[in-house]
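Let's have the full structure, built from the sequences with the hints guiding it.
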Amino acid sequence: MIWTMTRKALWDLRWSTFWYAIGLALYIVLLAAFYPTFRDVGAQFEEIIRSYPEAFLRAFGIEPGTATLTSFSGFMHTEVFSFIWPLVAAIFVIMSGAAAVAQEVERGTAELWLSVPVSRPGLLAGKLLALLVDIVVVVLVSVLTLFVTAPVVDAEFSAGAALQLGVVLLDFLIAIAGLSVLFSSFSSERGKAAAMAAAVVLAMYLAWVIAELSERFEWLRYLSIFTAYRPREALEGSGVSWAGLVALLAIGISGALAALAIFRRRDILA
Amino acid sequence: MMDSHPIQVEGLTRFYGRDRGVEDLCFTVERGEIFGFLGPNGAGKTTTIRLLMGLIRPTRGSARLFGLDSWHDAASVKRHIGYVPGDVRLYEGMTGAQFLDFLAGFRRSVDAARRRMLVERFEVELSRQIKHLSRGNRQKLALVQALMHDPPLLLLDEPSSGLDPLMQSELLALLREERNRGKTIFLSSHLLPEVERVADRVGIIRDGLLVAVATIDELKRQRTRRMEVTFSEPVDLAQLAGIAGVQVLQCREEGRWVELGVSGGLPALLRRLSELPVADLIYAPPDLDSVFMRYYQRQPEAVEERVR
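Line by line, the protein sequences are chains A and G.
Using our numbering, the letters of the first sequence correspond one by one to residues 1027 to 1296.
Using our numbering, the letters of the second sequence correspond one by one to residues 24 to 331.
Hints listed in this document are in silico derivations from the structure and should not be mistaken for laboratory results.
Treat the hints with caution; some may be incorrect.
[Unchecked claim] According to the in silico footprint, chain G covers these stretches of chain A (three or more CB under 8 Å from chain G):
| id | segment |
| --- | --- |
| 1 | 1124–1138 |
| 2 | 1223–1236 |
| 3 | 1285–1295 |
[As the list claims (entries may be wrong)] Examples of chain A residues toward chain G, derived with CB under 8 Å:
| id | residue |
| --- | --- |
| 4 | Met1027 |
| 5 | Thr1030 |
| 6 | Thr1032 |
| 7 | Lys1034 |
| 8 | Val1142 |
Idealized CB from N, CA, C, for every residue including glycine.
Set out below in structure tokens:
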């Protein structure tokens, strides 16, 4: 019965999943194609980057003093996975997650949706499963694209690093999905649920930037999912922070469980 | 479970903040009957149906369907229910066939022959996307999904809205057939003639309160229909007021125009009118007002308000 819901949710999200996955993959190919140029003139670029204020670099996830552009992992991290990839993928997940309950209420379909002999948590769980599948697809397409493209531009990107990157990206999106679905569970408009989720994610991003810049506000890092999002180490294949990944997973699962509990008790007043 | 009443409502109350949705509803619907739920728009019909469907929680009281609590056992209850909401909204991106397949996927068994019969009978378009369907066609699709799994209880909120008169008759005929097959039907409507044509009993709701539960025969006996008479010259209204079953509700233009409430004594009234200088006459078709008039009469303030 839950599969019926999952199948429908996958069908609903098929085009946005396709376009986001393809869009991110194309961006990865495009940027990777530029890598040989940057590698050849890397030293000059490193010089330019060193001249930027430290705060500016940190805000974009660049660790001052590291080989930002000359190594493939550093280059892809700076150009793709430190900012653009999480931004675009987060938009996809927020919009999809925010639709789960709020869109059914907003469009008035909730009454027939809830007229079937499946519990509300069962119906929502069916949708969450579909969202998870779509997230895996987007991450898998990005990571495989990078894995296939790297040798073409004469760069090194091992299977181990690909696996680690996949886990980091997946965990990050699961945390965002949990938050989005939570806001959707009590909202009656998809736009409002998405706006609330986006505001929280943005606030977490700012908290992380401030924590990176100021020792006084270092504690803010514990309030942000971006602290645990560390794709650079994964790209290098040098290991992942398991504590951070567990924290991201816990946020995602807690958000989803809270959403199921709220939706179970909610009045549908469409 | 199947020994229990299809619907048993006890003290069912729902407030929206300080506003009353429905209060203290008590009624039982028997197996194999069509129970009409009558009331003007905003009276609490949809709130009642949403409570029965477990879409909203009661403030107090309970609704039990086949002995199961409509809120706590919502998922199990829905195995036995076919539901048409008051404002039918469907998944726009699906075709009619995809929509029916989707909802059938949640049911243990949907008989293909029955589904085909319903689709043909309601002349439903299955191949077009729902967003391209007219309101009537969407309504027909909602009716098919409610009936296709052959549920023992149908909860229908204004099911004929958007249907053309032919299709309305077809729907009422189908509901009678379903009743004859032992199905129970809870039919909410603000159209008295429609309910009178099919229902066995009716519950009348007004301002969130159940005003009466009566059989259709009782209802027909009780209803008071409006008659407006225009005279070419002033007449003595006492001549009309004296007839049993006739009341003067209001008069204007020094007795040249009169509104009567007629609950009986129509032959005597017509005889009397034939002796008077009648210029024009309107006898209103039976509507909800004609039922409510009787209940207004029981509340003097309400009558005064109406006459004013």
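Evaluated hints:
| no. | hint | in the structure |
| --- | --- | --- |
| 1 | 1124–1138 | holds (count 6) |
| 2 | 1223–1236 | violated (count 0) |
| 3 | 1285–1295 | holds (count 4) |
| 4 | Met1027 | holds (6 Å) |
| 5 | Thr1030 | holds (3 Å) |
| 6 | Thr1032 | violated (10 Å) |
| 7 | Lys1034 | holds (6 Å) |
| 8 | Val1142 | holds (4 Å) |
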